[in-house]
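Engineer: Whenever a hint applies, use it, and build me the whole structure from the sequences.
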Amino acid sequence: MTEPLLSVENLRTWFHTGDAVAKAVDGVSFSIGSGETLGIVGESGCGKSVTALSILRLVQQPGRIESGSRIMFEGKDLVTLDDAAMRDIRGNRISMIFQEPMSALNPVFTVGDQVAEVARIHGHGSRRDAWNRAVEMLSLTGIPAPEERAKEYPHQLSGGMRQRVLIAMALIMNPALVIADEPTTALDVTIQAQILELLVDLQKRFGTSILMITHDLGVIAETASRVVVMYCGEVVEEAEVDTLFAAAHHPYTEGLMHAMPQLSEPRARLNVIPGSVPAPTDWPSGCRFRDRCPYSWERCEREHPPLYEISPTHTSRCHLAVEPEHRANPHPPLVEQLGVSV
Amino acid sequence: MSEPSWMMETSDRIQAVERMQEAERGGPLLSIRNLSKSFPIRRGLLGRTAGEVRAVNDVSFDIARGETLSLVGESGCGKTTTGRSILRLIEPTAGRIDFDGRDVRRLGATGLREIRREMQIIFQDPVSSLNPRMTIGAAIREGITIHRLAEGSAADAKVQQLLEEVGLRGEYATRYPHEFSGGQRQRIGIARALAVEPRFIVCDEPVSALDVSVQAQVINLLRDLQRERQLTYLFIAHDLSVVKHMSDRVAVMYLGKIVELAPAEDLYREPMMPYTQALLSAVPVANPRIEKTRILLEGDVPSPASPPSGCVFHPRCHHPAKDAACAHIVPPLEEKAPGHFAACIKQLPTGVSWETQQEAGGVNPPVRYLPVVKQLARVDKSAPPIGRHS
Ligand SMILES: Nc1ncnc2c1ncn2[C@@H]1O[C@H](COP(=O)(O)OP(=O)(O)OP(=O)(O)O)[C@@H](O)[C@H]1O
Ligand SMILES: Nc1ncnc2c1ncn2[C@@H]1O[C@H](COP(=O)(O)OP(=O)(O)O)[C@@H](O)[C@H]1O
Ligand code: SF4
Ligand code: SF4
Ligand SMILES: [Mg+2]
Ligand SMILES: [Mg+2]
Numbered sequence: 001m002t003e004p005l006l007s008v009e010n011l012r013t014w015f016h017t018g019d020a021v022a023k024a025v026d027g028v029s030f031s032i033g034s035g036e037t038l039g040i041v042g043e044s045g046c047g048k049s050v051t052a053l054s055i056l057r058l059v060q061q062p063g064r065i066e067s068g069s070r071i072m073f074e075g076k077d078l079v080t081l082d083d084a085a086m087r088d089i090r091g092n093r094i095s096m097i098f099q100e101p102m103s104a105l106n107p108v109f110t111v112g113d114q115v116a117e118v119a120r121i122h123g124h125g126s127r128r129d130a131w132n133r134a135v136e137m138l139s140l141t142g143i144p145a146p147e148e149r150a151k152e153y154p155h156q157l158s159g160g161m162r163q164r165v166l167i168a169m170a171l172i173m174n175p176a177l178v179i180a181d182e183p184t185t186a187l188d189v190t191i192q193a194q195i196l197e198l199l200v201d202l203q204k205r206f207g208t209s210i211l212m213i214t215h216d217l218g219v220i221a222e223t224a225s226r227v228v229v230m231y232c233g234e235v236v237e238e239a240e241v242d243t244l245f246a247a248a249h250h251p252y253t254e255g256l257m258h259a260m261p262q263l264s265e266p267r268a269r270l271n272v273i274p275g276s277v278p279a280p281t282d283w284p285s286g287c288r289f290r291d292r293c294p295y296s297w298e299r300c301e302r303e304h305p306p307l308y309e310i311s312p313t314h315t316s317r318c319h320l321a322v323e324p325e326h327r328a329n330p331h332p333p334l335v336e337q338l339g340v341s342v
Numbered sequence: 343m344s345e346p347s348w349m350m351e352t353s354d355r356i357q358a359v360e361r362m363q364e365a366e367r368g369g370p371l372l373s374i375r376n377l378s379k380s381f382p383i384r385r386g387l388l389g390r391t392a393g394e395v396r397a398v399n400d401v402s403f404d405i406a407r408g409e410t411l412s413l414v415g416e417s418g419c420g421k422t423t424t425g426r427s428i429l430r431l432i433e434p435t436a437g438r439i440d441f442d443g444r445d446v447r448r449l450g451a452t453g454l455r456e457i458r459r460e461m462q463i464i465f466q467d468p469v470s471s472l473n474p475r476m477t478i479g480a481a482i483r484e485g486i487t488i489h490r491l492a493e494g495s496a497a498d499a500k501v502q503q504l505l506e507e508v509g510l511r512g513e514y515a516t517r518y519p520h521e522f523s524g525g526q527r528q529r530i531g532i533a534r535a536l537a538v539e540p541r542f543i544v545c546d547e548p549v550s551a552l553d554v555s556v557q558a559q560v561i562n563l564l565r566d567l568q569r570e571r572q573l574t575y576l577f578i579a580h581d582l583s584v585v586k587h588m589s590d591r592v593a594v595m596y597l598g599k600i601v602e603l604a605p606a607e608d609l610y611r612e613p614m615m616p617y618t619q620a621l622l623s624a625v626p627v628a629n630p631r632i633e634k635t636r637i638l639l640e641g642d643v644p645s646p647a648s649p650p651s652g653c654v655f656h657p658r659c660h661h662p663a664k665d666a667a668c669a670h671i672v673p674p675l676e677e678k679a680p681g682h683f684a685a686c687i688k689q690l691p692t693g694v695s696w697e698t699q700q701e702a703g704g705v706n707p708p709v710r711y712l713p714v715v716k717q718l719a720r721v722d723k724s725a726p727p728i729g730r731h732s
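Line order of the protein sequences matches chains A and B.
Sequential numbering from 1 applies to the first sequence in my numbering.
Sequential numbering from 343 applies to the second sequence in my numbering.
Simulated from the structure, these hints should not be mistaken for laboratory data.
No incorrect hints appear here.
Simulated crosslink set (EDC-like; lysine to aspartate or glutamate; CA at most 20 Å straight-line):
1. K634/B to D242/A
2. K76/A to E66/A
3. K151/A to D129/A
4. K634/B to E612/B
5. K204/A to E633/B
6. K76/A to D88/A
7. K634/B to E197/A
8. K634/B to D216/A
9. K634/B to E265/A
10. K23/A to E9/A
11. K500/B to E460/B
12. K151/A to E117/A
13. K634/B to D581/B
14. K23/A to E303/A
15. K500/B to E484/B
16. K500/B to E570/B
17. K76/A to E3/A
18. K634/B to D201/A
Facing chain A, a subset of chain B residues (Cβ under 8 Å, in silico):
19. Q559
20. V584
21. Y610
22. A628
23. R631
24. R636
Here chain B is said to cover these stretches of chain A; the calculated rule only asks that three of the stretch's residues, wherever they fall, bring their Cβ under 8 Å from a Cβ of chain B:
25. 217-226
26. 234-248
27. 274-288
Beta carbons: idealized from backbone N, C-alpha and C, even for Gly.
Structural biologist: Given below as structure tokens:
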């Protein structure tokens, strides 16, 4: 296998607030190959955005990337890179598309200026060249009448159009990696379909790698080739997309798939994962999914599960990998035994 | 301008069929006729009116007792405005609202207060709908006191019982909203709505802000409560999968109008209005092995301040028979299959005759066009369900 483009190794990003430490990202490892789309899926608060911001070194105080974390990109460790070198990587080699396009754009500049600015910062050509490239990029993202639209302000555009502008900004330097953090969550489903199609299309064209972050298993299924599932600041499962959907191993992944209502299913009572995600200042000991898991046994409380290898391309942070017999007898999870529904 | 005769005929037919169905069920609980709501657009310092937004445009439907009717559609299509108009949280511009035989639009202050005991609303954002300085017990108790349903320790007992009914512990009554997770706060919102023993609840995106696992819990809770208390729901949502699991019937809105209305099973199996077809085909499918026929719509939804003429969907429509007639004729919501209504003059059968269409510039005769039927019929869960504890 060739060297991955990005390799995140034991990333820990903690927030030190007063007396508590929120271990938002707590020992995350994954890698992305060149031209690949890796999906990260998980519920809110599991650490997806903090992972993304850590890669770009945009985590704000009191957040800190803890020592021992490594983010290898094109032969450099981004954790220890100096600020100037990091600025050159941002927007140029790695760029980001955010969930809320309105807050990612500056309301007082035209969208054309903002797209052109990215090209200018990274020192490519004159103001005129940068503008022309911006218009070309806006046109590539399917914005009609791009010359005129480039002269408009963010508030004059619809949500879908703004997201296209962000995509133009993200791709104008032809970066090696684009991090898309919930790029369609704020959009309507028909606009989401347009934007996902556009991203896949542009990826084919430019050979960009994409880190696709979402809470939507449907979006993952349609865009990613490999998937990382996160829970409580950790990777709990990683697999090729087909394997994950056909044969998920981790009880959390399984639970997520069955809790999600599907169009193709008849109207029925939904399966649920009881309880809710614990607070990041207070991850449970042992397996972090223990209270909500229908298979947990004494070992799960005693021993924090490592990422077990299920196959050479499939890992799962669950002791069932070595003691599969416990899957045979599901029981009501602890949260329910305690009589608390949520 | 008087209505063309074919239009009268179809709306009569809709009403006839609905009346028939209602007779079977003992009459609808709620009946909406020609509901419209326009908001003035104000410009400049003096706030002079410069036109209007037709947020809801001539909407009619009934909801039977114990039924869940869902309103779906994209952002800004008028779902919330419809829901709030029914409770008169905003005043409709025109139309008639009958709740259990009472004309809601004619009620005075006292009548309104009484009827709001029977009609409640649950909001998308449970955080902003709860007062941060009030314990959740006090919030739930408020309605009980206002409507004099119980006092003193009887009211306390009722609060406890409501909390338990929505899956929370009774002793939580003394805590404040910030101490709860999103899913728990939504349960509190539900308990508060239930406190006055309503018969009808408008659920406005009650699970949109929740995570998948918690969303499933709240959906199941709403369904259980409906069964136990014989509740009637108007369920507003934009997630079509969630809607499928909640609804008896579904109404699809586009630019302030209902463009399709059918039993949920029928609508999801065989969507007839081209917009509904595009909407359903756009939903991402959580199965990487399925190939999809995706109808990608061009551009954005037009502004409701200047909706397109004729069929409001015509600038983006993919129906192969779409033509100039679509820009001139406002398609009536007509019954295309038993109980299945859709507004499209090109989808067969239609009461808008071919002659009428030709007079309006039509060149393509209506045809039956069902591009996404096969895809939606597929059932695709490979592994058996686990975690069936709820
Ligand atoms: N108070 C108001 N003043 C002016 N326009 C309004 C007002 N409330 C709603 N509108 C407009 O009416 C239309 C319908 O809005 P509504 O909130 O009913 O949509 P919705 O379907 O609930 O959308 P969403 O899915 O975003 O909640 C929109 O174009 C909106 O901008
Ligand atoms: N600035 C911050 N200060 C304290 N905690 C934070 C901050 N930003 C994020 N967190 C915590 O880190 C956890 C992970 O957050 P995030 O990565 O944004 O989750 P998501 O997976 O939803 O993107 C959350 O529990 C959040 O509360
Ligand atoms: S390790 Fe135990 S508690 Fe954790 S997911 Fe596996 S079975 Fe469940
Ligand atoms: S009436 Fe015409 S434009 Fe409207 S949905 Fe039907 S075919 Fe399309
Ligand atoms: Mg996030
Ligand atoms: Mg709304």
